[in-house]
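Those letters in the sequence shown? Residues 1 to 282, per our numbering, in order.
FYI, nobody ran anything at the bench for these hints, they're computed from the structure. A couple of the hints might just be wrong.
Said to hold, decoys possible - Distance windows between CB atoms, simulated:
id	residue 1	residue 2	range
1	Val11	Ile221	43 to 49 angstroms
2	Asp201	Ser239	29 to 35 angstroms
3	Gln28	Asp201	43 to 49 angstroms
4	Met150	Val191	57 to 63 angstroms
5	Val213	Gln28	30 to 36 angstroms
6	Arg9	Val261	36 to 42 angstroms
Only a predicted model underlies this, so the values are computations on that prediction, with no experimental measurement involved. Every residue, glycine too, gets a C-beta built ideally from N, C-alpha and C.
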Amino acid sequence: MISGTDGGRAVRRRLAALSRGVDAVGAQVVFYLRALGSVGKAARSYHEETLRLISEISLGSGVLALVGGSVVIMGFLTFFAGATVAIQGYDALGGIGVEAFTGFLSAYVNIRVVAPVTAGVGLAATIGAGTTAELGAMRISEEIDALDAMAIPAVPYLVGTRLLAGAIVVVPLYALGVVAAFFASRITTVVILGQSAGVYDHYFTTFLNPDDVLWSFAQAIAMAAAVMLIHTYYGFHTSGGPAGVGVATGRAVRLSLISVVTVTLMISLALYGSARQLHLAG
């Protein structure tokens, strides 16, 4: 049996753990607000650093630059995701004799789900992880403290510039990803699976909604902001030496992947949750 004293201690431990969790969430929210508020100062005062980060984020640095940076990685991820949509869609639709609708499926699924989620995963795995590791290394080597000692505001200089650079880079990166997904779906369906190019293009252009494309870009920007905020927070607050950098990067990647799926879910519910019908003809 559990005595009343032991039960009281267990309750106090749970309350203390809950309190620490609430404090941690509150600290993150405060940091996110500070980071978003620092973007304006970063745009006004740190142009050179922002340009450097734009180049680093898009083309990569070190080993990542050897493979073309985030541009190539994003292109490959979305390309193979688009090809998978075509293969699975053609096979599933062929089972009921309507494989001609593969072009519709590419226009409908790629732009709403596959391209945004794949791009978000790519952002978290490349840009986000690199940001956490870089800021974490600066924290444990006391470079961030040195900035404070030189009266350089660390949040605008390190975080605001990265948020600004990420917002600028994500639009062309995501445009490349969408084009790669569409191109892969068409090549797979027409060249590999043998469907008529005219049939594919007809259903693709008929059901590609420009509003969906615009909302998809808005979704990509929201995901990029969430990913950059999460990774800059964990990098900025790294502790525990080199091992702590690895721990912070792992936690940031895990949380950013959750945020990517959550943003996709929220936007999908807001835009398409009330849609009850899908007209394939007429």
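Now for the hints, and whether the structure bears them out:
| no. | hint | in the structure |
| --- | --- | --- |
| 1 | Val11 <-> Ile221: 43 to 49 angstroms | 44 angstroms, holds |
| 2 | Asp201 <-> Ser239: 29 to 35 angstroms | 55 angstroms, violated |
| 3 | Gln28 <-> Asp201: 43 to 49 angstroms | 47 angstroms, holds |
| 4 | Met150 <-> Val191: 57 to 63 angstroms | 58 angstroms, holds |
| 5 | Val213 <-> Gln28: 30 to 36 angstroms | 32 angstroms, holds |
| 6 | Arg9 <-> Val261: 36 to 42 angstroms | 38 angstroms, holds |
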